[in-house]
Amino acid sequence: MKNSHLSDSQLIQNYLTGCDKSFAVLVHRYKSKVFSSIYLMMRDKDLAEDLMQEVFIKFVDILTKGNYKDEGKLKAWILRVAHNVCIDYMRKNERLPFYKMPDNYETVSELHKQAEKDAESLLIQEDTRVALRSLIKNLPFEQRQVLLMRHYADMSFKEIADLTGVSLNTALGRMRYAVNNLRKQIEVNKLAYEETLYPN
Amino acid sequence: MKRRFTQIDTIKFVYEESSPMQAKMYMKSLDNNDKTFSCFSEMIDLMSDMDDVLLEPSQSSVDKILVYAKKSRKVAS
Numbered sequence: 001m002k003n004s005h006l007s008d009s010q011l012i013q014n015y016l017t018g019c020d021k022s023f024a025v026l027v028h029r030y031k032s033k034v035f036s037s038i039y040l041m042m043r044d045k046d047l048a049e050d051l052m053q054e055v056f057i058k059f060v061d062i063l064t065k066g067n068y069k070d071e072g073k074l075k076a077w078i079l080r081v082a083h084n085v086c087i088d089y090m091r092k093n094e095r096l097p098f099y100k101m102p103d104n105y106e107t108v109s110e111l112h113k114q115a116e117k118d119a120e121s122l123l124i125q126e127d128t129r130v131a132l133r134s135l136i137k138n139l140p141f142e143q144r145q146v147l148l149m150r151h152y153a154d155m156s157f158k159e160i161a162d163l164t165g166v167s168l169n170t171a172l173g174r175m176r177y178a179v180n181n182l183r184k185q186i187e188v189n190k191l192a193y194e195e196t197l198y199p200n
Numbered sequence: 201m202k203r204r205f206t207q208i209d210t211i212k213f214v215y216e217e218s219s220p221m222q223a224k225m226y227m228k229s230l231d232n233n234d235k236t237f238s239c240f241s242e243m244i245d246l247m248s249d250m251d252d253v254l255l256e257p258s259q260s261s262v263d264k265i266l267v268y269a270k271k272s273r274k275v276a277s
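Protein chains in written order, with the numbering used here: chain A, 1 to 200; chain B, 201 to 277.
Bound-form chain A, shown alone (with noise of 0.2 angstroms):
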């Protein structure tokens, strides 16, 4: 795309000077990690696509009324609204995607449970991309909260904490179960894996 070496701050000021080609950029530039993001939070494809749609109609709609404060963070920026739009929609429709568990609770077993039927066989039937979304999507919710907001909204530990009312070690302390949980899951469907291919 011509204008894909511009800045965000630059497109911004071009998609409101008249360049549409500009946001088209933008919404290049980002709607994967936005639909990802909101696809393994919410774990359902077509309620994603709705969902990412609305985090674009209400960053389209903050611009055009000249509500942006463009500090230079608009990846940070646009993966919150789109974190704050799933939050929404779980609560309006008491949907809650989770179970609440303790943060010290290892859950590879309980997740191991819930993961293996569809994590497996995908390993086995497809590729480890399929399992790995999979196995995140089987994460406890504050796992895959802090997750997917560090990965993908690059936004700081201490951020996270602020946005979820919780202590910065607390943040810390989620991201290394959801990372322990992922690595011991990956683990497990790997040699799951080569046991079928493989069997002694």
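Hint data in this document are derived by calculation from the structure and do not stem from the laboratory. Don't take every hint at face value.
Claimed, not checked - Which stretches of chain A does chain B cover? Using the computed rule of at least three CB atoms under 8 angstroms from a CB of chain B, they are:
{"id": "1", "region": "60-73"}
{"id": "2", "region": "79-91"}
{"id": "3", "region": "131-144"}
{"id": "4", "region": "172-182"}
Unchecked claim - Here are a few chain B residues that face chain A, going by a calculated C-beta distance under 8 angstroms:
{"id": "5", "residue": "Lys224"}
{"id": "6", "residue": "Glu242"}
{"id": "7", "residue": "Leu246"}
{"id": "8", "residue": "Met250"}
{"id": "9", "residue": "Ser272"}
Predicted model, so just to flag it, every value in this text is computed and none were measured. Each residue gets a CB set at the ideal place from its N, CA and C atoms; glycine is no exception.
Based on the hints, put chain B in the right spot on chain A.
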């Protein structure tokens, strides 16, 4: 006494949230301590896997957004 680095230290280092002093010490430990190094490598692998799992939304969703953006800008200007 040598400092032992925890998994939280690794996470902070990988995500560039260590202080410059902590980062320096961590780098040293990466060279000298297999356990730290293996924890670091696993984290880097996981991060790169995370980057691979991104999904694309449908083109129709993208088109709807772009149509809305075009209309809204025209109305606003």
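So, going through the hints one by one against the coordinates:
1. 60-73: Contact hint for the region 60-73 of chain A vs chain B: holds, 4 residues under 8 angstroms.
2. 79-91: violated (count 0)
3. 131-144: holds (count 3)
4. 172-182: Three-residue rule met by the region 172-182 of chain A, so holds; n is 7.
5. Lys224: violated (20 angstroms)
6. Glu242: This interface hint holds because 6 angstroms falls under the 8 angstroms limit.
7. Leu246: holds (6 angstroms)
8. Met250: holds (5 angstroms)
9. Ser272: Cβ of B/Ser272 sits 5 angstroms from chain A, so the hint holds.
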